[in-house]
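Protein chains in written order, with the numbering used here: chain A, 3 to 452; chain B, 1205 to 1627.
Hints are not guaranteed to be accurate.
[To be verified] Derived coverage of chain A by chain B (criterion: at least 3 residues anywhere in the stretch with Cβ under 8 Å from a Cβ of chain B; other residues may be distant): (1) 159–173; (2) 339–349; (3) 370–380; (4) 385–396; (5) 406–412.
Hints are computed from structural coordinates only; laboratory data are not their basis.
All C-beta atoms, glycine included, are put in the ideal place defined by N, C-alpha and C.
Here is what each chain is made of, one letter per residue.
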Amino acid sequence: MPRRARTNESPSDWLSSARSRCEPYTGQETWSGLSSDVVRRVLPSGLRVLIKEVYPASVVSVAFWIGVGALHETDEEAGVSHFVEHMLFKGSRARPPGALTREIHALGGYVNAFTSFESTCLWCVVPSRHLPAVLDALAETVLNPLFEPAETEREIGVILDEMRMRQDRPEAWCTENLLKLAFPRHPYGRPVIGLEPVLRSMEPSRLRRHHQAHYVAQNIAVVVVGDVQAEPTCQRIQDLLAGLAPGPIRPEPPQPVLPQEGLRRLDLEQDLSSAHLQMLFPLPGLFSPGALACDLVSSVLGDGRSSRLSRRLRERQGLVTRVGCSAFLERGPGFLLLDCTLPPENLDLVEAGIFEELEALRRGGPTPREMQKARNRAQSAFVFNQETVEGIGRTLGHFEMLGDHTLADLYVRQLAGIRGEEVLEACRLYLRRERCSVVRNRPPRVGAAS
Amino acid sequence: MSSERQALPSRLFVGPGGLRIVVAENHATPITAVAVSCLGGVRNERRELSGITYLAQRMLLKGTQLRSAEDLAEEFEFLGARYAPFTSKDLVGATLSVLSRNLAGALDLLAECILQPAFLPEELDRERRLVLTEIQRRQDDGFACAMDLSEAALYRKHPYRLAVTGTQASVRRLERERLIRWHGRLYSPDRMVVAVVGDLRATHMRDLVLEAFASLDHPRPAWPEPKPEEPPTSPRQRTRRRARQHVALALSFMGPHFPSSDFLAMDVLSQVLAGMSGRLFTELRDRRGLGYAVGAGLEPRRDRSHFGVHLGTSLENRQVALEALLEELRRVRQEPVPRQELARVRRHLLGLFSISLQRKAVQAARLAFFELMGAGHGFLQGYPEAVRRVTPEAMLKAAQRHLHLEGYACGQVLPHPPSRTSR
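Chain A extracted, bound-state conformation (with noise of 0.2 Å):
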């Protein structure tokens, strides 16, 4: 019986274990890494600042990470993290609906938000002379949103709408209903947005205590990067934070993945040119051992035209227009994803092809060329991302929220030093058949009476 293999180690465990086993950096000579010049300051209250300087840039991010997201919530309260995000634009004590937005537009930036599983993330991008006041903008809106009853009534009527935007994407329909055939009565199996029921009787109520239980100085990390200078910044964080209550913060409830008996398998019909084929694979959370090898997995199987699954369905058979595959490593379960577009008629080729690959894999391991294109990837993917302050920022700012803003070098370094066997062993460990999930999503098919 397939289970998760192990327990998830603390943070701290997977670093002494990782730095114990870090080979020398043999990536970027002319570049000295994302972390190495962070200044981090844990304020009395408990809330966390990073401030990177970064010159030149004449821009600079701030992003205001909070830890809650949908892993957060139960059925009865499913969406409430996201909806709290876009309350953030509504209205708060010194602004009105739309002030915020329009206020760093016209400092010449933008603002966004996003909500994942984990965390609800708060940030923008503006020329360096603002930043002062985007600080006032941001930390007001977080301190201070005010969900008053017209405007909660109305952002519902867009949520739904985006939702059924979301349902009109057929790969992001099948994605939804791929995560809810792959984890029963959790909350991955549940869509971000929330369901319906609970979205359509959204109370104000339930939106401010939502914000009061979660948007605590304990749960969140303020992150600057730019040519700003780092003291004097942090001093005003703190100063307009000062209202922020310290904590407590509250635990994830525990949320075991029920185990998987065998394949499941889910067909679903839209009215669709192109059929989707969507794959998921149960993996180990990041801190896991093992969790960084599939990384290598998803690399080698579907990172690029040259991957083996790219190579094998698309260049070689012209089986599908578009195929890839990812590790999606957080603290909580992981797992990895197949995506493919196709013709509806290949989906039965395609899909056995997949699942030949996988033992191909499985059996021989990934080859020494492999390997290597693939840490060399991987570390070409980590300087680009580098190119901007709002890419460092969301890089600093998602492993801060995993534990330690540090995980975002050791990532990549330990990353070179995975061995083909771990891989392997990786291989043989999660990618089997029984623990597989499968989506579907296809045309209707003609009638047999027509």
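Chain A is fixed; fit chain B onto it per the hints.
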């Protein structure tokens, strides 16, 4: 502290056959970005050849005289390079971003793809099948489909009415010999710019380009110019119905020529309307909750530029939302944008410009684009100042000249009426 970021100074070199090489040194990261761009694309196609440029471009990665498609992919990806050919209504080309230490190898590979594609018959068959599926798939994307419909309706004869990918019928008919001849004419040094932005010496980057494209030394014959076309005199509409939850709608207008003062005025005006603080979003989504997605944009073209607006809404709100949208367009034709609003929009536009310039790939693509489209590579540095000079009066005049509310095209994908989907 500094004001908006300006593009770093760029230099132009002219190589054999008139090949223009624009280089800019940028030492912020150990990355070099290359944009190869050439005049020629859908604008030169006829209906029966629709999609020929796109298919020829797709074949660039499907094997060369020296290397198989698999070897090409393997070598590019081993170098950690990002690379892709592109096709637009006016241009073809390819982009490359790579760690600078791998530039020489990756640039040689890119030039090999562009100059010596093999058009192997079996690869062509496969790629054609993939393109056919892609054309089909585009029909599943509501906004993409609505935009195609609105552009097809905007023009009667001009090739801009044709989709970049071509149609099922036209792509099936494209013969190998025809593709080879088409490609042979496509990349001509006198119509081509290679822009490089990287942390290497400018002359070194230039020399790498000269070496990689050394065999491209004489001009190829040009295509005849398409006949210019005037905007429609009454609204045109094309509709498709699918089993969908929401309406996707796109409007197309013929805008001013690029580069021109009207273009800059419309560029700023489109920012007044677009984005989350723009008039369309504020009025339709924020104030009236009439839809989730709404936006606008101006695309520079060699003939009249394209001004597009899109809207996603529910079937019951469609009419009200469309009227509200047209009302906003009417307003910018009737009233000058208040100076305070203009100042805000201008700051936003220039801020976004600064932010986008962080990426070398964006810098390289724009340098090549401006140089090819007649604005000159220096336009990138001059753009902020040009935007600052735009006045409310100039915007009003540009709107009156180009935003014809009686002369646009509308493409829409509608859900089936409720009685049919409620079963």
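Evaluated hints:
1. 159–173: Holds: 10 residues of the region 159–173 of chain A have a Cβ under 8 Å from chain B.
2. 339–349: holds (count 3)
3. 370–380: holds (count 5)
4. 385–396: holds (count 7)
5. 406–412: Check failed, 0 qualifying residues.
In this structure, the one hint that does not hold is number 5.
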